[in-house]
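From the two separate chains plus the hints, produce the assembled complex.
Order-wise, the sequence lines are chains A and B. The C-terminal position of the first sequence is numbered 444 in this note's numbering, with every residue numbered one higher than the one before it. The C-terminal position of the second sequence is numbered 219 in this note's numbering, with every residue numbered one higher than the one before it.
Just so you know, the hints here were simulated from the structure itself, not pulled from any lab data. Hints are not guaranteed to be accurate.
Partial list, derived from the structure: chain A residues whose beta carbon lies under 7 Å from chain B [claimed, not checked]: (1) P121; (2) R336; (3) D340.
In silico DSS-like pairs for lysine-lysine, Cα to Cα no more than 25 Å straight-line [as the list claims (entries may be wrong)]: (4) K70/B to K90/A; (5) K37/B to K70/A; (6) K37/B to K38/A.
Where is the CB? At the ideal position from N, CA and C, for every residue including glycine.
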Amino acid sequence: MAEPASIEKSRIIDQGIEKGAEGLTPERIEKVITGMLKSEGGARLKTYVETCVHCGLCSDACHFYLSFDKDPRYSPAGKVKQTIAQVVQKKGRVSVDFIKQAAEISYTECNLCRRCAMYCPFGIDVAYMMLFMRRICHLLGVTPQYIQDTAHSHSATFNQMWIKEDEWIDTLQWQEEEAQDEIPTLRIPLEKEGADIMYSVIGPEPKFRAQLIYQAAVIMNVAGINWTMPATPGWDNSDMCMYTGDTEMMARLKRSHFETAMRLKVKRIVMGECGHAFRSVYDMGNRALGWKMPPIPVVHAIEFYYELLKAGKIKVTKKYEPPVTLHDPCNIVRGRGLHDMYRYVAHALCENVVEMYPNREHNYCCSAGGGVINCGPPFKNKRVDGNRVKAKQIFDAKTRGAKTVIAPCHNCHGGLEDIILQNELGMELKFLADIIYEVMEKPE
Amino acid sequence: MHDIYNFVSGPLVWIAFILFIGGSLYQLISRAMLASKKDQAVYSYMSPFFALRSIFHWIIPFGSVNSRSKPVFTIATFIFHLCLILAPVFLFAHVALINETWGISWWFISDSGADIMTVLVILVCLFFLGRRLFLRDVKYLTSVSDYVILGLVAAPFITGFWAYHQLPGYPVMMIAHMLAGEILLAAIPFTKLSHMLFFPFTRGYIGSEFGAVRHARDW
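The following block holds chain B by itself, in its conformation from the complex (with noise of 0.2 Å):
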């Protein structure tokens, strides 16, 4: 059991890192400079200004005409995009972690806080399970692996919290717990979840497209 936590711990969390920066680099870089040879129309027509107006009608909650039609859908992914982000990040038993190992700190939430916005990743995961499980268009576009994605983001959700509240076998669930959250980080530059880092890019290109070339707006 140590073993394995400190193997978890320890080495895990280092290549988790190391696949989750170095997987975006070498994602974005590759993707750059394939359409550097193959899609020269992206850099022609890629415009600051454009792409940075349909960025940002998008990323604030009922900025564009979907999202206003769906509000339900837009309230749930919103919180769970920022909760899904800033939970782990200002989580205090991070900071401590972080701190402990190398003297740098920053802001955190309270235990409570962070508790809430764990039960409402978890909740959305449900939210998403059941469109993708009754919804008729979206459960045809389902495959195997969109239910694997969800379940990657959800688990270490799902064992933080157990962990935390220290409920029966608690102690496996923060080895658990770990180890999903390493996996989730390692798998992001390479599935779906890389949406992460390409969406200010394909969002930005079509925004400039719509927004030097059309004249329209794309939101």
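Extracted from the complex, chain A is given alone in its bound form (with noise of 0.2 Å):
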């Protein structure tokens, strides 16, 4: 017969979760649920909820499932039956103990990678099931510390990383000098209205990847690109309201970032090689605030690459010779189809492309995203040991001689680079800038 859903497994305490839950009552979850369930939940959750025939066709999708040994808590759908399957069958009258676990399995043990809903027949979007969950713990403030302190720091800066203003135009500045000992008619373009594109970055970028702002800054001015950087709030396009179920705060996020590409009446915003800013600019933020599509086009740092270096605006002097593998981000990839664009940049820079498998589409994501490394310490032996299958992907493609894995965007960076360590596979990680600014022809 069938196991239950609530089998002991142990589980991680966090401070976020732990004191949230604290003053928690039967009574109160059930009244934010009910609430929930009658404002939010309607034909999609009612439907996936009640077409999802426990078939198990989506558990082989999951690469937490498929790394814990089949442990079937782990495949999507058995998440869903531990989490959201049970609070609209209860209707809300759930204990404060299942909220806990509800919270830690939606928020760290789901990427919302979305592979599954290439593995179900139905199409069930399990993603947004555990963010309907995700949503749910945050009404009651039960989420995780560290992505909530990150989320504070949202709501209070409009950045990601509690970077000051004048923290953000000094870290410009600095990036452009040090950019000039290299090219000195090299400018980073603060506040140009009219520029053709607005340059956008996640809040990490300026706090301590300041590096990624110089190659950029080289790329555009050889390039030679009419762009600038907004110097107010609304340049940092990353966003863990989007995954802390915080919708009003991801939707003033937004509307920020819009607004500041709109005073300065830019063409488009070009964002750097981050996931799930993506996700949140082009997916949901966007939605969040009634726009079918994003106001203003949004372009990743992948097509923007490819249009450079298709036109010939960006010339190779020596393709980069260790063999290179591709990891396909999911939110890029799933989510915006830029594989065969990233190919095309990888191959235009590369000697050596060395394929994963699985690849594209099909990619297994890097257990960071979906706001899993920012849920932090707590979390990370979990989150590193869930994605072996990653692990064993990357070795394989260094059997076939891959030595650099390439990685465009910031979380599945954090994520692959923690796996590379912890499964000793001597491997350099790279954003695709880190190689177009080694091999590309720059001015004398």
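Below, the structure is given as structure tokens:
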């Protein structure tokens, strides 16, 4: 017969979840959930929960399931069974412990990578249901501490990393000066009204990956792009509120981003190599604001590099020699179909490209996305162990000669870095911009 | 016995069809209204081209990566769904009954063909039962209602086979067969069997999201 959904497995203690749950009562839980089901629980939720026939065909789609020895609790439908399906069936009459467990599952055991939607014959969107569960947890105040801190930063500063306005401007000017040592005429134009492109990045770039801004400035200048960066809040395209379930704040962040671009009267937004930010600007945040598609064209770095290389605005002096393998980030491959442009760019820059399998839309997630890496150290081991299939995939590419892994996404970088270290894969990890900067023709 | 037979083969048939057709219409219309109230995204993003593209890839055998990676299941499930629908609709006895009542008829399959299809449905039901009992992930997902539904689907075929071959006690089985068929029909709109109604919409919607917005394949 069926196994109960709530077999004990050791739960991870997270201060945010624990403290948040302290003040909860079953009555409050029921009130919040019935309110949510009434206001936001529509036809999709009802149909998904009622249509799933428990066939288990989604199981093999999930890297957590595959990596944890096919433990059924990690299968996509298994995670639904332990969380939102019970919420719907019991109409919110669930315990405080249930909410704590549901928070851990929905925030840290699902990357919202949407791979399972491609394995379910009915196309049931498990990511949608996990986000619904997260939204309930957010409204109940039960969210993991680390990701909630970034959400607080978003609320207070409109960026993810508590960066103050002057620090932001200072960082850009610092990178401009650094880069001027190399190209004396180089500028990072701030607040240039009417530029063709507003270049936007995520909070962590000025915080601890400032060299990426340097490289972007070099690429823009060499390619002769009429571009600008904003000096006001709205520069950060990242969005952890999208992942905590704070839809209201997600919408405010995206409005600020779009309005900044409109104030600068640019033709389009080009974003750095980030996946979740792209999802937020292109897919989710715009919808929360009532825009079917973004109100201003949004171009991911891969597509932008593709345009530059194709138009010959960037020339390659000598291709990158060590064989590279390509990690496909979910949010721009399953989320935007950029895999072919990605390959065009990689082949234009590198001597030798070794494919990982499965790839393109069928790639395995890095296990960092969906806000999972942002839930911080308490969940790190589970996140890295939960993606042994990725380690295997990378190792397999290594046996076929790959020395460098390219991951054109910040979260993927964080996740793969941990996977490479823990599994002692001994491979280098790079953004596309790292390689472009290295191989491109620059003015003498 | 005759009273029961008359009831099961008369009023109950009407009730079953009314519940099946009426219930299906109710579910589809009420769900469409709910979507227009709370899930405008479904209407905004639904694209007939990409919806059909996705449905097409999932209704042909081995049209998706997942179905290629599970060949036994794929063959079993396609045989199952085909026979499940074709056998009762084109069974000679069923066509003859309709012809007697309303004077309309259509093409039918030979009795031996229907017999094979019936056995196939029963065998695949056993295969599904085996999956629920022995595959760890499927077992974990399975609740009592899943066994009940499997039983509901198998029952008309088991009893039909029994009655047709006039095995011992077949007059009772004949009544059980009609009853089981009626219960199954009536259950479709109100249980997980409603995937028969909603499949084109769930698949079509995700196909539209993947195709029109995300420019990616979903199979």
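Structure-based check of all given hints:
| no. | hint | in the structure |
| --- | --- | --- |
| 1 | P121 | holds, 6 Å |
| 2 | R336 | holds, 6 Å |
| 3 | D340 | violated, 10 Å |
| 4 | K70/B to K90/A | violated, 34 Å |
| 5 | K37/B to K70/A | violated, 39 Å |
| 6 | K37/B to K38/A | holds, 11 Å |
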